[in-house]
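Engineer: Each chain, written out:
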Amino acid sequence: MAQLSAGSLTLQYEQRRVVEGLSTQIPEGNVTMIVGANACGKSTLLRGLSRLLKPSAGVVTLDGKDIHSRPARELARTLGLLPQHPVAPDGITVRELVGRGRYPHQGFFRSWRTGDKSEHDLAVQRALETTSTLELAERNVDELSGGQRQRVWIAMALAQETEVLLLDEPTTYLDLAHQVEVLDLLTDLNRSRGTTVAIVLHDLNLAARYADHVIAMKAGAIVAEGPAEVVVTEDLVREVFGLESRVVPDPLSGTPLVLPIGRHHTAAPPSDIELEFVP
Amino acid sequence: MVAVVVLALVAGASLAIGARGMSIETVWQSLTQFNPDDGNHAVVRARIPRTVLGLVVGAALGLAGAAMQGVSRNPLADPGIMGVNAGAALAVVAGIHLFGISGASGFIWFAFAGAAAAAAVVYLIASMGRDGATPVKLALAGAALSAGLYSLMNVILVSSQDTLDRFRFWQVGGIAGNDWSVLVAGLPFLLIGATIVLVSGRILNSLALGDDMARGLGHNVPLARGVTALGIVLLCGSATAMAGPIGFIGLVVPHAVRFFTGPDYRWILPFSMVLAPALLLVSDLAGRVVLLPGEVPAGIMTAIVGAPVFVWLVRRGKGTSL
Chain R
1 MAQLSAGSLT
11 LQYEQRRVVE
21 GLSTQIPEGN
31 VTMIVGANAC
41 GKSTLLRGLS
51 RLLKPSAGVV
61 TLDGKDIHSR
71 PARELARTLG
81 LLPQHPVAPD
91 GITVRELVGR
101 GRYPHQGFFR
111 SWRTGDKSEH
121 DLAVQRALET
131 TSTLELAERN
141 VDELSGGQRQ
151 RVWIAMALAQ
161 ETEVLLLDEP
171 TTYLDLAHQV
181 EVLDLLTDLN
191 RSRGTTVAIV
201 LHDLNLAARY
211 ADHVIAMKAG
221 AIVAEGPAEV
231 VVTEDLVREV
241 FGLESRVVPD
251 PLSGTPLVLP
261 IGRHHTAAPP
271 SDIELEFVP
Chain B
1 MVAVVVLALV
11 AGASLAIGAR
21 GMSIETVWQS
31 LTQFNPDDGN
41 HAVVRARIPR
51 TVLGLVVGAA
61 LGLAGAAMQG
71 VSRNPLADPG
81 IMGVNAGAAL
91 AVVAGIHLFG
101 ISGASGFIWF
111 AFAGAAAAAA
121 VVYLIASMGR
131 DGATPVKLAL
141 AGAALSAGLY
151 SLMNVILVSS
161 QDTLDRFRFW
171 QVGGIAGNDW
181 SVLVAGLPFL
191 LIGATIVLVS
201 GRILNSLALG
211 DDMARGLGHN
221 VPLARGVTAL
231 GIVLLCGSAT
241 AMAGPIGFIG
251 LVVPHAVRFF
261 TGPDYRWILP
271 FSMVLAPALL
281 LVSDLAGRVV
291 LLPGEVPAGI
301 MTAIVGAPVF
311 VWLVRRGKGT
321 SL
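Listed in order, the protein sequences are those of chains R and B.
Counting from 1, one number per residue, gives the positions in the first sequence under this note's numbering.
Counting from 1, one number per residue, gives the positions in the second sequence under this note's numbering.
No wet-lab data here; the hints were simulated from the structure.
Where hints are given, some of them may not hold.
[As the list claims (entries may be wrong)] Facing chain B, from chain R, some residues (calculated, C-beta under 10 Å):
hint	residue
1	Leu52
2	Leu79
3	Gly80
4	Leu257
[As the list claims (entries may be wrong)] Chain R is nowhere near these chain B residues, computed Cβ spacing over 12 Å in every case:
hint	residue
5	Asp38
6	Gly218
7	Phe259
8	Phe310
[As the list claims (entries may be wrong)] Cβ-Cβ distance ranges computed for the label pairs, FRET-style:
hint	chain 1	residue 1	chain 2	residue 2	range
9	B	Val5	R	Leu134	56 to 66 Å
10	R	Arg139	B	Trp312	49 to 59 Å
11	R	Pro71	B	Ser127	55 to 65 Å
Each residue gets a CB set at the ideal place from its N, CA and C atoms; glycine is no exception.
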């Protein structure tokens, strides 16, 4: 069991208050997508939930206990995190990098034991297999493409074997195919291991398609939360993004599909539009 | 293993080579069956403190450089760049000028305090603002503080001929002419520092992935950084007091070591500790023979060896992440 909750959470950088009095729950065993406009506080909320940012008021609890009162290493065995800008050291191999995710599980002397197939080697192996990075294992991380590299970082988070995994915009800078690949992978993880996954995501349509639960934020507060079908509506897109749109059922998944309108495309195209091209 | 053999060979050579060359047998005999009446044996014996000092100072600088690069995630980190040498040097000069201290056992306390103060100030300046002490801010703060401290030091030196004379011998960085008292004064600090830094390998491995990731893996990042920095200050302060500011060893050796250990600090640290003294002793040896019968201080020789490597590191350009 790993229930992550925020109660009356206030988060701020120096004097600037970003999130104020926010309470929510990350449903256990689900994929939760946190969406909202730029600077709405969604990444800050994730930083608060993952103890990167200490709340100035309120509390974040995991199974009822304040995450800041728990020993950091013990917490790291339950609550994993992939930050937005992790750094790959020069010349590190994929296997080595993934292995560093084992830190919370290793004692000082255990970390030196190599050679025999320990549970750590097996965990690394599983993580490489799950993310289809096994064939890259001996390559240098610097040589990989953006999509491969993101898979390797996810592999590292998997090697940590936590019940909850928080990811801050894991698809940024990836092309559409790789975005889908990463989200498929995280869904696999959720389905096969029951990992609770929470993702801050920019793309509203992908969020709606992959989410069991959507949290929509505006100005540091939650505007709506629940299943995508309930949360992602034309009214919500107007309120959160200030954008007129049509929301139609995604023909593939049935989830809400947001079609932005903008100034150059009319909301209701004339049905006789083709006639205009007749000479 | 190979690294230890290399170090042993270099240490042997350090005993044998000098203004008066010795055969390997003479060195071995003087160590195993010392004959006080044999002049050659006496010369070899006289070189032992210098060699041991080179080993100790080199090990300290190698460890400190590697740990500094790890803790600041900055490939150009070095006791010189981060202002620690400048702090130690200014403190020693101020000590000479104001209190008339002389001899390394007096220098050590000033050097140590100066190094600690400089490191603390650099860290505090770099910690201001929302992101905390980022590598870039650390390097900038270090460079700025170094410049300021060195100009203060020059103010004192320019205004006092006497201080300048006493300072000059120490400042250029040399491991010649010192005796056991220096070593005894600095060794306890150095050992504590070395212990702290040697066990911090896994912390540095996690910090290398970025502060957020390190925290996600269950580290207390400010505490980890602070403890490692304390170890670095102990190493740099005592090494500088023993031999004057010797640059480039802490920069060059960890990078050379990475070629065969890869980026794992659990290997980089011990290898740097063993190979840095080898480089320092080789530099000292080269300094003994290039201008026979005179000598060039080791600090100048390490700069001659190290500067091209530094230029190469900067030109390579991609070394912005560790």
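Engineer: So the hint says 55 to 65 Å: do the beta-carbon atoms of Pro71/R and Ser127/B match that?
Structural biologist: Violated, since Pro71/R and Ser127/B (Cβ atoms, about 25 Å apart) do not stay within the stated range.
Engineer: Taking the closest pair, is the beta carbon of Phe259/B still more than 12 Å from chain R?
Structural biologist: violated (9 Å)
Engineer: Compute the least Cβ-Cβ separation between Asp38/B and chain R, then decide whether it is above 12 Å.
Structural biologist: Per Cβ check, Asp38/B is outside 12 Å of chain R; nearest 46 Å; holds.
Engineer: For the pair Val5/B and Leu134/R, does the Cβ-Cβ distance stay inside 56 to 66 Å?
Structural biologist: Violated: the Cβ-Cβ distance is about 38 Å, outside 56 to 66 Å.
Engineer: Taking the least C-beta to C-beta distance, is Leu52/R closer than 10 Å to chain B?
Structural biologist: holds (6 Å)
Engineer: Verify the interface restraint on Leu257/R: the C-beta must sit less than 10 Å from at least one C-beta of chain B.
Structural biologist: Hint violated; Leu257/R Cβ to chain B Cβ min 33 Å, cut 10 Å.
Engineer: Could one say that the CB atoms of Arg139/R and Trp312/B fall in the range 49 to 59 Å?
Structural biologist: For Arg139/R and Trp312/B the Cβ distance comes to about 25 Å; the hint is violated.
Engineer: Grab the minimum beta-carbon distance between Gly218/B and chain R and tell me whether it stays above 12 Å.
Structural biologist: Label violated. Min Cβ-Cβ 3 Å, cutoff 12 Å.
Engineer: Please check whether Gly80/R passes as an interface residue: C-beta within 10 Å of a C-beta belonging to chain B.
Structural biologist: At about 7 Å, which falls below the 10 Å cut-off, the nearest Cβ of chain B leaves the hint on Gly80/R intact, so it holds.
Engineer: Does the no-contact call for Phe310/B survive, Cβ to all of chain R over 12 Å?
Structural biologist: holds (17 Å)
Engineer: Min Cβ distance, Leu79/R to chain B: is it shorter than 10 Å?
Structural biologist: holds (8 Å)
Consistency note: the structure conflicts with the earlier hints numbered 4, 6, 7, 9, 10 and 11.
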